[in-house]
Amino acid sequence: MATDDSGDPAQHFLRLSDIAQEPHEMLIPISGYENVPLVPLESAVEPLIRLLPAIQSYAYAAKKRCKRPPPDGLTVDESASIMLYSMSWKPSDKCLYHALNATLRLEEREKLEPWFLYLKLFLTALSQLPSQRGTVFRGVKLDLHNKYPKGETITWWGFSSCTALIEVLQSELFLGKTGTRTMFTIECDSGKDIRKHSFYPKEDEILLLAATQFKVIGCLDNGNNYYTIHLKEMKSQFPLLLPVTPLYDSNKPWLKCQFHNTDQISIKKPEEFRISWKDFAPLQTISFDVVDRIYGSMFGLTVGDALGAHVEFRPNSYLISNPVMDLVGGGTWSLQRGQFTDGTSMALCLASSLIACRDFVPYDQLVRYKWWYQYGYMSSTGYCFGSDTATRQSIQEFEKRQKKFAHDHDILLDQMDYLSDRDLLQAFDVYCSKETVADNGVLMCLAPVPLFFFRCPEVAVEYSGISGQITHGDEKAYDACRYYGALIVAAILGEDKDQLISNTFYDNHREWFGDKTLHPEIMTIAQGSYKKEGGYQDGIRGKEYVVNSLEAALWAFWSDKNSFRIGALKAVNLSDDTDTTAAIYGQLAGAYYGYRKLPEEWLECIYAKETNKFYSSQFAHFEIDYVEHSQARIAAKLQDLTG
1 MATDDSGDPA
11 QHFLRLSDIA
21 QEPHEMLIPI
31 SGYENVPLVP
41 LESAVEPLIR
51 LLPAIQSYAY
61 AAKKRCKRPP
71 PDGLTVDESA
81 SIMLYSMSWK
91 PSDKCLYHAL
101 NATLRLEERE
111 KLEPWFLYLK
121 LFLTALSQLP
131 SQRGTVFRGV
141 KLDLHNKYPK
151 GETITWWGFS
161 SCTALIEVLQ
171 SELFLGKTGT
181 RTMFTIECDS
191 GKDIRKHSFY
201 PKEDEILLLA
211 ATQFKVIGCL
221 DNGNNYYTIH
231 LKEMKSQFPL
241 LLPVTPLYDS
251 NKPWLKCQFH
261 NTDQISIKKP
271 EEFRISWKDF
281 APLQTISFDV
291 VDRIYGSMFG
301 LTVGDALGAH
311 VEFRPNSYLI
321 SNPVMDLVGG
331 GTWSLQRGQF
341 TDGTSMALCL
351 ASSLIACRDF
361 VPYDQLVRYK
371 WWYQYGYMSS
381 TGYCFGSDTA
391 TRQSIQEFEK
401 RQKKFAHDHD
411 ILLDQMDYLS
421 DRDLLQAFDV
431 YCSKETVADN
441 GVLMCLAPVP
451 LFFFRCPEVA
461 VEYSGISGQI
471 THGDEKAYDA
481 CRYYGALIVA
491 AILGEDKDQL
501 ISNTFYDNHR
511 EWFGDKTLHP
521 EIMTIAQGSY
531 KKEGGYQDGI
541 RGKEYVVNSL
551 EAALWAFWSD
561 KNSFRIGALK
571 AVNLSDDTDT
581 TAAIYGQLAG
591 AYYGYRKLPE
601 EWLECIYAKE
611 TNKFYSSQFA
621 HFEIDYVEHS
631 QARIAAKLQD
641 LTG
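Letter by letter, the sequence shown follows residues 1 to 643 in the numbering used here.
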């Protein structure tokens, strides 16, 4: 191969100076690649073999050369796609970056189709690198000043290689200091520093994305046929390069809000979803017992929710006289037997976010909670009901922040629910709750997070805390979610009941909790404060305060005589917030006992069983590739979320 790791100044110069090839006219926006699947690099370059005969060997070299794990939380294939772009070989017109940029500058957009798989991988990689704001430089040994009149808006359709060091261009290997030259001084907002992933890591290379627009601020005639053109990056009124990492899957519309008509009044309920199971063949084989426990946790939540719905907020005196003995309808919310309330609705919102994003994205979680609150998304009745005050206030605060953010960043408000730019997501403050809010609603929908990330316990525990904190800001709410998330993970991994209810569970799993100790009130529960034989008479309460609900759910688990039915009924018959207490109990008890040991007659009548089964299946068979590379992603994400 003609490429080596010492750096190739001639090829670097070509990338820095190919501006002359840019067409100075508007072309059709670049699209199509966003709808193709994300595939390994070897598969991504297969359609290019006819165009670039040597591409497979260079792709192989790029992938072998990548650091493991790659920087910035990228997968090996993503990092290798950047390295492949930076490589050069002869003839130069058969070099990937040269051929790609030449194609991007053509009017015939159909010629881009062979590039779609590579573009998807390459742009996905670049989207995860932090954007560089500042001044960068490009240059060419030509006089281009007449093509850049002051005040004009121009578009560079190819990927643009720049340098942050002006002396690089002044070197005789590049522009030099004599002869006809044009230097571009560019104020950029979205440059990507690719050095950590480049075949030439010593080269100072900032990459601007294809179809970036600029305003010509001015042109300086330095004399002797040397010109400096000042450009400022502009945001296009309409996207010329479509986002490659949307937070929802356009090919799976059931993950979005669906209405029966255009008035957005009558929403489709979960039971009306038409999920194409063939699109989601299991990607990883795991033990049947683990799958059974995952199903058990999701259905345990829903069964507990439905079991307590008809007596929610009834006093203890009523339930002493009229104890709940079975799953029935009617009562507080006038529901049919098996319909669920806000706990399961929000859990399905959280589950749909994790599956749609293939990641933990608090912003998208809040969007789906907002859809539930506004339209009844994921509700068993088609409308929102039963929400706790803290959750409502957080969702309303989120809506306010969306409006302000849209105004401040010049984004159309109706596009805010589909925000996908990493820098914008990082800039948006997702912690929408007051710091003193510690209602039990934070625990009732928790299960999807530990189920999704159970293979990485420390990740599951931290994300469990954050998922609660965005709507319930108190430290006790955060730590209640971390502790309960850890219990669910341990149950999924097969720990026995004595281990789960051990007073030393926290100490035995200390590494899962990082360097953050539990709040004293949560620690007291972890050390066994719920183990009270008298239950209600000894002070166990299913109240709306998260500490009370956590203690009540664990009391029911501790005293359930190894029967989900007994424990769920005990949780409900504590009175007060019956559906939430039982839903919290059901997440852990279901994870421990498994789906097969839940009461069959209760499961039979649960609303939207197929949707719940689908989500459970996705948690069980999540892509192994992501799990292998998740640690680097998690570290970067936690830095973004927690600062």
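Incorrect hints may have been included.
Claimed, not checked - Listed below are the simulated PhoX-like cross-link pairs for lysine-lysine, each with C-alpha atoms no more than 25 Å apart in a straight line:
#1 K67 / K202
#2 K147 / K90
#3 K63 / K141
#4 K215 / K256
#5 K202 / K215
#6 K94 / K63
Keep in mind the hints are simulated off the structure, nothing from the lab.
What hints, given by number in increasing order, does this structure fail?
2, 3, 4, 5
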